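Peer 1: Since chain A is already given, all that's left is putting chains B and C on it; use the hints.
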Amino acid sequence: MASKIFSQSSSKTWPDFLLLGATWTTAISITVIFLWVVLSIVGQGLGQLSLEFLLTEPMNAGRDGGIAPMLISTLLILVVCLAVALPLGLGTALLLAEFSVSDKRFGQWVRRSLDFLAGVPSIVFGLFGSVFFSKILGLGFSLLSGGLTLACMVLPLLIRATEEGLRSQPASYRQGAAALGLSKTTTLFKVLLPAALPGLMVGLVLSVGRALAETAALIFTSGYVDRFPASLLDSGRALSIHIFDLSMNVPGGDHNAAASALVLLALLLILNGLAAFISLRWSTKIK
Amino acid sequence: MSSLASLRQAKRNDWCLINSLRILASVTALVGVLITVFVLKEALPALQSIGMLRFFGDDAWYPLEGQFNLVPILLGTVLTALGGVAIATPLGLLSALFCQFYAPNILASSYQRLLELLAGIPSVVYGFWGLVVLVPKINQLHPPGQSLLAGILILSLMILPTVALLSTASLGDVPKAYLQGADALSLSRWTTLTRLVIPTARSGLITAIILATGRALGETMAVLMVCGNVVQIPNSVFDPVRSLAANIALEMAYATTDHRSVLFISGLVLLALVGLLVMMASVLGSEEREKTRGI
Amino acid sequence: MVHTLYLKRLGLVSLAFASLAACSSPSIDSSNGDLQGKIILTGSSTVAPLASELGKRFEEDHPHVRVDVQTGGSSRGLADARSGQADIGMMSRDLAIDETDVTAYAVAKDGVAIVIHADNPITELSPEKIVEIYKGDVTQWETVGGNDTPISVVNKAEGRSTLEVFLKHFDLKNSEIKAQIIIGDNEQGIKTITGNPDAIGYVSIGAAENSIARGEPLKLLPLEGIEPSTASVQDSSFPLSRTLNFVTSGEPETLSKAFIDFAQSSEVHNIVEQQNFVPIDFSK
Chain A
1 MASKIFSQSS
11 SKTWPDFLLL
21 GATWTTAISI
31 TVIFLWVVLS
41 IVGQGLGQLS
51 LEFLLTEPMN
61 AGRDGGIAPM
71 LISTLLILVV
81 CLAVALPLGL
91 GTALLLAEFS
101 VSDKRFGQWV
111 RRSLDFLAGV
121 PSIVFGLFGS
131 VFFSKILGLG
141 FSLLSGGLTL
151 ACMVLPLLIR
161 ATEEGLRSQP
171 ASYRQGAAAL
181 GLSKTTTLFK
191 VLLPAALPGL
201 MVGLVLSVGR
211 ALAETAALIF
221 TSGYVDRFPA
231 SLLDSGRALS
241 IHIFDLSMNV
251 PGGDHNAAAS
261 ALVLLALLLI
271 LNGLAAFISL
281 RWSTKIK
Chain B
1 MSSLASLRQA
11 KRNDWCLINS
21 LRILASVTAL
31 VGVLITVFVL
41 KEALPALQSI
51 GMLRFFGDDA
61 WYPLEGQFNL
71 VPILLGTVLT
81 ALGGVAIATP
91 LGLLSALFCQ
101 FYAPNILASS
111 YQRLLELLAG
121 IPSVVYGFWG
131 LVVLVPKINQ
141 LHPPGQSLLA
151 GILILSLMIL
161 PTVALLSTAS
171 LGDVPKAYLQ
181 GADALSLSRW
191 TTLTRLVIPT
201 ARSGLITAII
211 LATGRALGET
221 MAVLMVCGNV
231 VQIPNSVFDP
241 VRSLAANIAL
251 EMAYATTDHR
261 SVLFISGLVL
271 LALVGLLVMM
281 ASVLGSEERE
291 KTRGI
Chain C
1 MVHTLYLKRL
11 GLVSLAFASL
21 AACSSPSIDS
31 SNGDLQGKII
41 LTGSSTVAPL
51 ASELGKRFEE
61 DHPHVRVDVQ
71 TGGSSRGLAD
81 ARSGQADIGM
91 MSRDLAIDET
101 DVTAYAVAKD
111 GVAIVIHADN
121 PITELSPEKI
131 VEIYKGDVTQ
141 WETVGGNDTP
151 ISVVNKAEGR
161 STLEVFLKHF
171 DLKNSEIKAQ
181 IIIGDNEQGI
191 KTITGNPDAI
201 GYVSIGAAEN
211 SIARGEPLKL
221 LPLEGIEPST
231 ASVQDSSFPL
241 SRTLNFVTSG
251 EPETLSKAFI
261 DFAQSSEVHN
271 IVEQQNFVPI
281 DFSK
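Protein chains in written order, with my numbering: chain A, 1 to 287; chain B, 1 to 295; chain C, 1 to 284.
Pulled out of the complex, with its shape left as it was, chain A reads as follows (with noise of 0.2 Å):
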């Protein structure tokens, strides 16, 4: 966390009270909410969970059984997603915020593109999966089809979180390194990348709850298929799709779709927390 540079010494008024107030307010009903939503969810599925439910098929439609096909389709499309983000949107990132002046009309039709596709729901990219990922390239139902349309999906997240990761460090880095004599590549992978990394962290990590969160994109390209996949050729069904399919589409399903929302969570929280974790031994190292 950033500086908690505010001394006791500073005069208190009465809007530093308001602020004071306001903020802790809003800390305490956000987190209040947040547990009122996870509790609701916990209340349901907590009895279902145990080990079992992890590492067994479903069975009767997802009824009765576990989620361990679910399991492995949604960390394979998570994979296939960041495999293919994570560079480009880091490329892209680069691009916008160091080389704006050079490429500046590039730089603002990308931008604009960039937030136009925040803007679309997920199940346009759903629809467009299907018909470029699935039908055009031939990748049919697959984790393959399914990884992709997310990472179309993610990108401005990932994008616009980097950039801002980039742009806000100050021009003296940049300045310093040019008076080094440092060449435009090096400066960027040893002075500005680790920088950076705060707002690449914070797009990842809002871009991987997205992604794992997500069930309109997924429905119409990685599909349905409940069993072990073969390979990323193979359909199969993400965790979010299970939920979804046994709170809305299955009679009696309920109390398992609270237990698939359960590990989702955990997955999340394991998966946010590896990437602080490497954030801070990647940041510690370049220190």
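Don't read these hints as lab results, they were simulated from the structure. Small disclaimer: the values here were computed from a predicted structure and weren't measured. Hints may contain errors.
[Claimed, not checked] Selected chain B positions facing chain A (in silico; Cβ < 7 Å):
#1 Leu114
#2 Gly120
#3 Gly204
#4 Leu211
#5 Ile248
[As the list claims (entries may be wrong)] Dumping the calculated DSS-like pairs for lysine-lysine here, alpha-carbon to alpha-carbon at most 27 Å:
#6 Lys135(A) - Lys257(C)
#7 Lys178(C) - Lys137(B)
#8 Lys190(A) - Lys137(B)
#9 Lys12(A) - Lys176(B)
#10 Lys135(A) - Lys38(C)
#11 Lys137(B) - Lys257(C)
#12 Lys184(A) - Lys41(B)
#13 Lys41(B) - Lys135(A)
#14 Lys190(A) - Lys11(B)
#15 Lys184(A) - Lys137(B)
[As the list claims (entries may be wrong)] Listed below are several chain A residues computed to face chain C (Cβ distance under 7 Å; list not exhaustive):
#16 Phe106
#17 Gly107
#18 Tyr224
#19 Phe228
Just so you know, even glycine gets a beta-carbon here, dropped at the ideal spot from N, CA and C.
Peer 2: Here is chains B and C on its own, set in the frame of chain A:
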């Protein structure tokens, strides 16, 4: 001699780098273009046979009976999204201030984790919670419960993490020297934050709001579950509304050729709406940049 | 330099993925008598869980066969069966008169009943009253002998097959209906009504019976004096029902044919019932 060679090598590296970046960025930009082309192509049959005007001039929305008025749906989308953003922006900003300037370190990072989790809850879970918990509560105030209000509340909850996390990151990028300077001048906390920190982080904050607005406009499942989906211009926040994205999700499953194409018109209108937002933001942004340049 | 290469290599990953696409072609070979290959079904989300379970049972009997079930709605099922994207399309409605280019195979029936909240004192509504309520001529439960509360009319989204069954039976046009809530899937309807004591709607009977069995506060209203139940749907005495269909374009291939025959056989009746639908007895 050798330094000249290494300089040339470095130049070549830079050249390679910038061109790889250009390629990557082009691919990224292409995605937006591809999606627009795709939606346009699917919407084209309806545009040709029905014409854009009827989507704004017909009496109501009954696509199977040949009535295609999208105006109430457009309005429903704008109202829910704006409402959601109006609530989530101040709360998100306050959350960010809390994380960066008020909370003790441990609390700040656990609050951050909580927001990250909030960002990853599937929209169907939000929708489910809204339908089972929120809607019955609103129903007691004013039936039927499924309403513009329910949509606004759920949306604000869903986009809050985006606003809060992105804002936290951009507030964290405000140079420490600024803060130390402010402290040395013994400015009050209120003055420091509102006059110094927030203006400095402004571009990041605007990005956060734009991304959140985009998400709010395009959110489908949760809105579909709590908004009631009646196509009408709401008289109060307790009236049900339908959003463009929900319109597609609700009717696509059973839509045959013509009806399907008509639904893509709602996708097209949504894209136009987002385009408008982007244009507004870029005008705002360029003014902003000029202002900061001037300083 | 190393970094540049690395960056480029990552960029190439996406291309590599795309080229993988070339190797996906299902093979259907039944020369050795035993069935093998892959059947792809797409379409109605209502039918999908049933088809999935049927597929699993079929896979047990024929270990070299894979049945992949995808959703996307009845219209998608029809379109995919026509275009050959899917071997079999799934539809939760009957074929329209002009849809003669495909063949439908009924696999189950599903009744549609009027439902209200369990706390609502109403026990029966005449068809005329139902029409008045849906047209917005009656807006208070008191008018039809209930509580002093406004009615929340729940209707289905345009095009949905339960909506069409409902409109046809009551001879209504969708534009005549004044609804307070419009919903998509069955479960959304059930959850809407259990959360609103003044709501009235219509949902799949099997799904509603399942919910009631789990203790959800839901009440099915008899229609024209006939109790809505899976039994009354089975003997066709209940007036509101729809057929769940598999559709194929032209004659189905050997493998698809075997699966359709299996889905229509009496040995799967327990699966159909388990998924809250009504089996059809073709032996009669």
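Peer 1: Indicate, hint by hint, whether the structure satisfies it.
Peer 2: How the hints compare with the structure:
Hint status for Leu114(B) relative to chain A: holds, with the closest Cβ pair at about 6 Å, below 7 Å. For Gly120(B), the shortest C-beta to C-beta distance to chain A is roughly 3 Å, which falls under 7 Å, so the interface hint holds. Among the interface hints, the one on Gly204(B) holds; its C-beta lies about 5 Å from the nearest C-beta in chain A, closer than the 7 Å criterion. With its C-beta approaching chain A no nearer than about 5 Å, Leu211(B) sits inside the 7 Å limit, and its interface hint holds.
Restraint check, Ile248(B) versus chain A: the minimum CB separation of about 5 Å is within 7 Å; hint holds. Restraint check for Lys135(A) and Lys257(C): the C-alpha separation of about 25 Å stays at or below 27 Å, so the hint holds. Of the pairs offered as hints, the one joining Lys178(C) and Lys137(B) holds, with about 23 Å between alpha carbons and a cut-off of 27 Å not exceeded. With a C-alpha separation of about 55 Å, the suggested pairing of Lys190(A) with Lys137(B) is violated against the 27 Å cut-off.
Restraint check: the Cα-Cα separation between Lys12(A) and Lys176(B) comes to about 21 Å, which is no more than 27 Å; the hinted pair holds. At roughly 18 Å between alpha-carbon atoms, Lys135(A) and Lys38(C) fall within 27 Å of each other, so this suggested pair holds. This hinted pair does not check out: Lys137(B) and Lys257(C) have alpha carbons roughly 52 Å apart, beyond 27 Å. Proposed proximity of Lys184(A) and Lys41(B) is contradicted: the alpha carbons are some 42 Å apart, above 27 Å.
Between Lys41(B) and Lys135(A) the CA atoms are separated by roughly 15 Å; this keeps the pair inside 27 Å, and the hint holds. With a C-alpha separation of about 17 Å, the suggested pair Lys190(A) and Lys11(B) falls inside the 27 Å cut-off, and the hint holds. As the CA atoms of Lys184(A) and Lys137(B) are separated by approximately 58 Å, the hinted pair breaks the 27 Å bound. Interface restraint check for Phe106(A): the shortest CB-CB distance to chain C comes to about 17 Å, outside 7 Å, so the restraint is violated.
At its closest, the beta carbon of Gly107(A) sits 18 Å from a beta carbon of chain C; the interface hint therefore is violated under the 7 Å criterion. Interface hint at Tyr224(A): satisfied, since its Cβ lies 5 Å from the closest Cβ of chain C, which is below the 7 Å cut-off. Nearest Cβ of chain C to the Cβ of Phe228(A): about 12 Å, over the 7 Å cut. The hint is violated.
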